[in-house]
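A.B. asks: Based on the sequences and whatever the hints tell you, model everything.
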Amino acid sequence: MANDLRAIKLSVFDKRLKAFADGYRQNIALLGNDSDETSYLLQKYIQEASKKDFIYIHLFTAYVGKKEFLKAVAFSLLSGYTQQTDSLDNLIYFLSPLLPATTENIKRCLKNSSISFLEILEVINAFINESNRQCIFLIEEFLEAANLFDGFYDDFSKFIILQKNCMVVLTASAEKEALKVFSDELNLLFGNFEVVSLNENLFLNSILHLKNNLLPLKPSPFFLSFFVNLLGSNSLYCDFFAKCIKDRYRQDDEENSIVSVLADCLYVPQTYCFQRFIKKIEQLKFSFKDFNSILEILLHLNQGYLRKKDLLALDLCDSRELSSKLQKLTDLNYLVNFGDIYRISDPLFSFWLSHVFIFYSSALLLDPKKRSQLYRENLEKEITLFKEEFFTGSLEKVLQLFTCFKNDTLRLGKIRYSLPSIERTKTISDSEKDFHLIIGEGKEIIFAGIKGSDADDNDIFEFIEKGINVRGKGVKKIFISLGELPTTTRLIAKNNKITVWDLAELNRLFQIYNKPVFVK
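The numbering of the sequence shown is our numbering, which starts it at 14 and goes up by one.
The set of hints was computed from the structure by calculation and includes no laboratory data. A hint or two may mislead.
Unchecked claim - Derived lysine-lysine pairs resembling PhoX-like cross-links, with alpha carbons at most 25 angstroms apart:
no. : residue 1 : residue 2
1   : 322       : 338
2   : 341       : 302
3   : 231       : 256
4   : 124       : 79
5   : 189       : 427
6   : 419       : 439
7   : 490       : 419
8   : 383       : 394
9   : 446       : 419
10  : 293       : 341
11  : 427       : 193
12  : 489       : 528
13  : 456       : 322
14  : 510       : 489
15  : 419       : 322
16  : 479       : 446
17  : 189       : 292
18  : 298       : 259
19  : 439       : 528
20  : 510       : 490
21  : 224       : 259
22  : 410       : 439
23  : 341       : 292
24  : 28        : 177
25  : 410       : 446
26  : 490       : 446
27  : 80        : 120
28  : 479       : 439
29  : 293       : 338
30  : 338       : 292
31  : 510       : 419
32  : 193       : 120
33  : 256       : 293
34  : 427       : 507
35  : 322       : 341
C.D. replies: Quick look at the structure:
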């Protein structure tokens, strides 16, 4: 399905596998800050893959030793070859006449007290040579394997270069560290890695994905928007919540339906999400000696203290210590840094912290009934506030976004935005053309045009003409389309030093500033 979130996220991966089947190998690295979602995406893909010609060597590096790593490789090869899930010993016995070199290699390695990564690679080489099958060597959180085996990158590099019938797929949640490896130890002349980010925000695709998963139910745009704001573009969350929504949804009472779904998915300690997030809390306790101050930082970020200077004003710690904590939280994937703005990377974890965890962690709320009542009251207020913001008009939403700017410098990938503070605004609207002009005044001036639908070259030319007489120190011109922007329109804007945002880019800013994403 074209709008399936999983298919979109793994579109490059799928394309490279098809090319590999035709004889062209391109190794690939999938980098995403949620290792659980990455694992979910890959497992679902392999389960549903129509092409069964490949042998998948699918490994998880967490909590395994060298012998377990070898056994996982051997089992993947032999069970993939036979299409049977027998014990490893039985598979070795059954395939010894058919794959003598492979099975002998496995038996020899299993007898060794210390196994090298080179020996494991020799098992794979022997299998490929004997079986004449193509293999997909998929290592999740591959950085851990380098801690497990001495000389991991040296041995792996030689294997990748020489073994053309094995495509390598690596995943990592520590993006910064992984990119360093791909520019150094695994920067290969033959067999280089194509790096794909799984962190891209796909709000509109998320809505379509959730909508399709809920059929034949037809929830309102408000209902869908609430959950997409909560779940982000996480396909694991979307699929998990869709099952619960199907059980709890009532078209005549959507607000209570939201409360019921969140209670089932987030509030009950035995649920997947609750256990997952408690694990994240335990990881924080392990990583930081002063856990309470870290928790304070996260909760204040939830309350709108998005900038380092905002957090400093709370007097939690000095500037140097705060910088160190924010950087470590970013390295551990708890935060995303957008320049002057910090956000909790997982919106669902962020919501759970401020709407569930605070009630469980308070010694004053040991009474389950009182805790449940406060949880519900807090959640109902949140839904009411969200509903008010959701039904705000498009012009008003953009104006509210502009008021969030505090002379911020944002970095979104390779793009940098300078967003000045706005003190006063004037608006001019043309309802027939669905076009609005905004003049925001402060130390700098923002002149913005908002097209309520898809824009074209004529719209940008009209905006340029309207802005000729807008003068002042540091005039910043922004053209916004609540639809799509053609490449030619973007080029015209770039040549005239105009910043352009389509609906996806605008929604990214809404998310960064804790505002509901725009749903048409």
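A.B. asks: Quick one: which hint numbers does this structure break? Sort them smallest to largest.
C.D. replies: Failing hints, ascending: 9, 18, 32.
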